[in-house]
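The opening position of the sequence shown corresponds to residue 1 in the UniProt record's numbering, with each subsequent residue numbered one higher.
The set of hints was computed from the structure by calculation and includes no laboratory data.
C-beta: ideal position from N, C-alpha, C; glycine also.
Misleading hints may appear alongside valid ones.
[Claimed, not checked] For lysine to aspartate or glutamate, the following DMTMM-like pairs were computed, each having C-alpha atoms within a straight-line distance of at most 25 Å: (1) K109 <-> E325; (2) K109 <-> D330; (3) K218 <-> D256; (4) K109 <-> E53; (5) K6 <-> D157; (6) K6 <-> D161; (7) K218 <-> D157; (8) K6 <-> E65; (9) K218 <-> D188; (10) K109 <-> E146; (11) K109 <-> D326; (12) K109 <-> D353; (13) K109 <-> D322.
[Claimed, not checked] Here are the in silico distance ranges between beta carbons for each label pair: (14) I164 <-> N131: 17 to 25 Å; (15) G95 <-> D278: 32 to 40 Å; (16) P63 <-> Q239: 32 to 40 Å; (17) S200 <-> G142: 26 to 34 Å.
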Amino acid sequence: MPATAKVIDAAPRYRILQYPGAAIVFTTVGNIGFQDPPTTGAVWFDTLWRVQEGASLQPFHIPTETVSGPALATGSTCTPTEVQATGKHLLWSCGSQGPAGVVEIATRKTIALPAGQYLLGDNYVVRHDANGTLLRYDVTGGTLGEAVTLANFPRGDLADDRNITWAVDKFGGDVAWVDAGNAVHIVDPGVAPSAPVAVSNTAPALVDYPQNGTFTVKVELTRPINNTTLTITQVRTGQTVRAIGSAARVSSTTWDGVFNGDRAPRGRYRWSLAASADGVSTVLAGSTMYALYGDGNGTFQAGLKVVGTGWLGYNSVVGAGDLNEDGKNDLILRDTAGNLFRRLGTGQGTFGDRAQIGSGYQQYAGIY
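Based on the sequences and whatever the hints tell you, model everything.
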């Protein structure tokens, strides 16, 4: 590799190495994944975001080296020279003095940013101005919030001081900066973090018991949590048993096969895994939701298609048409507490993260 090569982004399993003329994705054990013609990109767990013609950003699934979703327009005519990614947002820029912006992935909304050098956090961006002010902008909801001062310390002579004198934890964390005495300061950005998301899990959709003693769900999460709760529900009776798991970002939660104080009776069980973070419990994964796709002549295609997991906590799921006018069908969901959520269609047969749009709907027999 050329001496000028540098790591421009990283995820738990992958790194992006940039060098003159191209960029390479490789694994944490050093195996080269695949060479990418563009000279920049961003990685979020197993997803690589690449710059395409027309200044759009295209997601690729790294393990299979395949396109994993539609390209997202930046809203600019310049070709980005830098990209950053989280689960909800993409930050792009065309140099420190050129156009810059944020794209909200689920809604495709574009947010223009003042020129500058930014780092992308969880629902916010930060930049360090020439006058020493460290500024935070909230990008929740697809709009740019007012500038909020987090700290004030000299900019220095560095052309780019990001990840040297200050840094951002994009996995639901804080902002850090270093003063002249080399003391590190941690600052709460003051923006509500995203709910944790399971980017992978190792467990079957349904559990047939008895089996070999225990049942374990292992998930990789997008951010730190307080703990996980594994809920096992007997399909025949609807009775449930719960098991508290760990607080690790890669979390294993095990059911010991005990049901209401005794060994579980023979039969089929559903499962759901929730995580507690910031005082809120979020369903991460669980029994799978399937769809039958129509073929346009009054019949259905053969076979069930998986459209998502973690649907056990809802008592009503309805098709709501195209809620955000992007040409894709969306869903409205209600949980057992009466909270109402939307999940926007991706156009790939799956749905994006849920967003709450109401509460108090438990009094109604159904939603339509």
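Right, here's what the structure says about each hint:
{"no.": "1", "hint": "K109 <-> E325", "result": "holds, 12 Å"}
{"no.": "2", "hint": "K109 <-> D330", "result": "holds, 16 Å"}
{"no.": "3", "hint": "K218 <-> D256", "result": "holds, 15 Å"}
{"no.": "4", "hint": "K109 <-> E53", "result": "holds, 19 Å"}
{"no.": "5", "hint": "K6 <-> D157", "result": "holds, 21 Å"}
{"no.": "6", "hint": "K6 <-> D161", "result": "holds, 16 Å"}
{"no.": "7", "hint": "K218 <-> D157", "result": "violated, 46 Å"}
{"no.": "8", "hint": "K6 <-> E65", "result": "holds, 22 Å"}
{"no.": "9", "hint": "K218 <-> D188", "result": "violated, 30 Å"}
{"no.": "10", "hint": "K109 <-> E146", "result": "holds, 18 Å"}
{"no.": "11", "hint": "K109 <-> D326", "result": "holds, 10 Å"}
{"no.": "12", "hint": "K109 <-> D353", "result": "holds, 15 Å"}
{"no.": "13", "hint": "K109 <-> D322", "result": "holds, 15 Å"}
{"no.": "14", "hint": "I164 <-> N131: 17 to 25 Å", "result": "holds, 18 Å"}
{"no.": "15", "hint": "G95 <-> D278: 32 to 40 Å", "result": "holds, 36 Å"}
{"no.": "16", "hint": "P63 <-> Q239: 32 to 40 Å", "result": "holds, 38 Å"}
{"no.": "17", "hint": "S200 <-> G142: 26 to 34 Å", "result": "holds, 28 Å"}
Hint violations for this structure: numbers 7, 9, all remaining hints satisfied.
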